[in-house]
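Take these sequences, add in the hints, and give me the full structure.
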Amino acid sequence: MSGLPEVEEQLDWLRSMHLIRGFEDEVNAFFAKGLVRGSTHLCQGQEAVSVGACRALAEQDTMTCTYRGHGAVLAKGAPLDRTFAEILGRAGGLCGGKGGSMHLTDTSVGAFGSFAVIGAHLPIANGLALGGRLLGRDSVSLCFFGDGTANIGAFHEALNLAAIWKLPVVFVCENNLYGEYTAIAKTTPIDALADRADSYGMAKARIDGNDVGVVYDTVTDAADRARSGGGPSLIEAMTYRHKGHSRSDPAAYRPDGELESWLEWDPILLHERALGEQGVAEATLGEIGTAAAAAVATARDRALSWPEPDAATRLEDVYA
Amino acid sequence: MSEITYREGLRRALHDAMAEDQTVIVLGEDVAAAGGAFKVTDGLLERFGEDRVLDTPISEQAIIGAAIGAAAQGLRPVAEVMFADFAATCFDGIANQLPKYRYMTGGQVSVPAVVRMANGAGGGYAAQHSQSVENWFLNVPGLKVATPARPADAYGLLRAAIDDPDPVLVFEHKGLYNAKEEVGELRRVELGKAAVVRSGTDLTVVASQQMLHRALEAAAGLAAEGIEATVIDPRTVAPLDVATVLGSVEATNRLLVVQESPAAGSWGATLVAEVSEQAFELFDAPPRLLSGEATPIPYAASLESHWLPSVERIADAVRAVVEF
Ligand SMILES: Cc1ncc(C[n+]2csc(CCOP(=O)(O)OP(=O)(O)O)c2C)c(N)n1
Ligand SMILES: [Mg+2]
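Here the protein sequences come in this chain order: A and B. In this text, residue positions in the first sequence follow my numbering: the first is 94, and each later residue adds one. In this text, residue positions in the second sequence follow my numbering: the first is 22, and each later residue adds one.
Everything labelled a hint here was simulated from the structure, so no lab data went into it. You may find that some hints are simply not true.
[Unchecked claim] If you anchor each label on the Cβ, the simulated ranges turn out as follows:
hint, chain 1, residue 1, chain 2, residue 2, range
1, A, T391, B, A109, 37 to 43 Å
2, A, V411, B, G268, 34 to 40 Å
3, B, V130, A, G246, 21 to 27 Å
4, A, V100, B, A315, 51 to 57 Å
5, A, D349, B, R208, 41 to 47 Å
6, A, G323, B, F112, 33 to 39 Å
7, A, T391, B, D185, 58 to 64 Å
8, B, V130, A, E353, 49 to 55 Å
For every residue, glycine included, the Cβ atom is placed at its ideal position computed from N, Cα and C.
This is the structure in structure tokens:
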């Protein structure tokens with residue numbers, strides 16, 4: 094175990110989790126106002142996985158994630174205002190308004206894409222790792238995906254290939270207990286998805302994904318191993334999405350009391366408690382929350398002030 | 022007469038087929054307990070039980086493979102692939118296994134399976150959840166491909182697809198699930214028969230799914246300008262009912278085809294080619310194909326609205342063909 098970094102850095106994790114929570118709450122409000130098209134998949138409750146894992150990376154490392162990746166893309170360093178703008182379909186958006194909520198991408202910070210076809214990006218994460226290795230970039234490829242994704246063929250092909258080529262990939266499965274409206278237990282015969290690593294001779298860990306320190310620590314170890322030629326890892330981070338699967342899903346399939354018990358295990362609360370135990374004053378924690386809320390509001394208003402993309406831009410970017 | 026939605030037409034087709042024939046089963050992601058991502062299979066689990074209404078993991082290759090094998094055993098499986106874009110994840114099953122099993126085995130194996138999936142742009146779902154992909158499968162002999170546009174046809178085509186001894190892909194349209202129509206007794210609709218939805222003497226417009234509705238709206242507006250269009254819904258794009266279109270063009274001498282997908286390798290392009298080849302001398306104007314643009318589908322409203330042919334652009338194309 095690598096242990097926790099300085100308190101200053103841990104305070105920054107809290108800031109980042111607050112920014113993501115505030116961001117998602119705003120996107121939810123946008124959606125209710127008809128400002129988000131199509132669908133949107135929020136990650137409130139899963140912030141510790143995004144922040145803990147991305148903060149364990151080095152600058153040259155790449156990250157790929159899913160349509161539920163707003164938090165991951167922000168944690169990797171995408172600017173709040175341009176991320177809002179992409180979801181609003183504005184000209185200043187990360188992808189010029191072409192991608193939207195499900196395809197947030199900012200390669201300038203190593204966020205190589207949010208993928209919306211289940212499993213599609215696990216093989217691509219391997220390619221990012223292979224490319225980084227052959228080009229001497231010393232980079233690790235971090236790949237987020239959901240529990241339901243462990244049942245698609247691409248998952249198995251990607252893990253096997255990563256293992257035999259000893260690719261520097263860290264596969265992080267965000268097990269939020271559901272794939273769409275179905276509990277993972279109904280579609281998967283084993284309890285611990287991390288155990289699938291055994292079939293591929295790969296290092297594994299099953300962790301509390303709501304404890305940002307644990308996520309940071311585990312991903313740090315996996316990234317170190319990957320970078321030093323030890324091959325890929327599969328980390329199963331247990332977590333929970335506070336909202337439904339997408340837009341108006343009321344999540345009626347959840348058993349009574351499940352959400353409430355997870356709200357008590359909220360990653361932000363947990364981390365505040367951990368910081369308190371390390372001697373950080375309550376006032377300091379409060380200020381971080383307030384400052385994050387202000388930053389979110391400013392970025393939101395800026396994005397809302399930006400124009401829609403010029404219609405001619407739709408014909409650009411098909412080919413180089 | 023009663024009014025039903027397109028979704029209801031599909032749901033009733035599944036219900037009636039399952040009630041009549043014990044061998045009909047439904048499988049796919051979230052089709053049972055949740056009633057389907059688009060709620061088409063709502064209520065089937067309660068009525069027919071979990072042996073015949075099967076939730077699957079997120080495993081499209083396994084879904085299509087299971088449908089093929091079960092069909093070879095004598096069941097009539099109806100598999101759901103949710104967004105049609107995801108057909109790419111099980112392309113081998115749909116393009117290599119499903120349509121070739123009978124032929125490769127010299128006719129020993131029948132595969133009476135149906136694959137349902139949802140086409141459709143216009144809702145801001147961006148590049149991987151908006152495509153109309155029936156054209157991916159046009160180049161695969163052995164498949165039949167239905168593209169219902171209206172509630173009664175949704176019912177009738179799905180019933181015919183389930184009855185058919187061969188594999189049929191049924192492309193639904195996300196933008197039409199709530200479309201309504203007054204219907205009488207619901208009946209099967211023969212695969213391979215187009216419908217003449219509106220009659221006019223000035224040109225023939227052939228349009229499918231969302232574009233049919235837009236073409237009808239354009240035609241209603243153009244009537245005020247004195248342009249009367251015949252509007253035809255192909256209903257199935259494989260087989261494609263060229264004869265009905267030819268019959269109409271014999272009277273109108275002008276043809277416009279409107280489709281949501283890009284033009285290259287499409288049923289619209291095939292139709293223009295077929296009609297031109299068989300009846301070149303009929304035309305008073307070059308036949309025209311109006312399509313979605315040749316780019317991935319963009320997210321932002323200001324981009325996607327240009328990507329899809331609008332009522333105005335269809336009307337402009339009609340005028341151009343009529344005034345040629
Ligand atoms: C190939 C494919 N099949 C189905 C879908 C529809 N779909 C979108 S999200 C989802 C559930 C994914 O569950 P999980 O991997 O657990 O991720 P979570 O949404 O919980 O983050 C499904 C089935 C899809 N996008 N791609
Ligand atoms: Mg999940």
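To see whether the hints hold, each was checked on the structure:
1. Restraint check, T391 (chain A) to A109 (chain B): a C-beta distance of roughly 41 Å satisfies the suggested window 37 to 43 Å.
2. Look at V411 (chain A) against G268 (chain B): about 39 Å separates their beta carbons, and that is inside 34 to 40 Å.
3. Taken as a hint, the range 21 to 27 Å holds for the pair V130 (chain B) and G246 (chain A), whose Cβ atoms sit roughly 24 Å apart.
4. A hinted range of 51 to 57 Å holds for the C-beta pair V100 (chain A) and A315 (chain B), which are about 55 Å apart.
5. Our hint of 41 to 47 Å for D349 (chain A) and R208 (chain B) holds, since their Cβ atoms are close to 45 Å apart.
6. About 35 Å separates the C-beta atoms of G323 (chain A) and F112 (chain B), a value consistent with the hinted range of 33 to 39 Å.
7. A C-beta distance of roughly 59 Å is found between T391 (chain A) and D185 (chain B), which places it inside the suggested range of 58 to 64 Å.
8. Between V130 (chain B) and E353 (chain A) the C-beta distance comes to about 53 Å, which sits within the given range of 49 to 55 Å.
The structure shown violates none of the earlier numbered hints.
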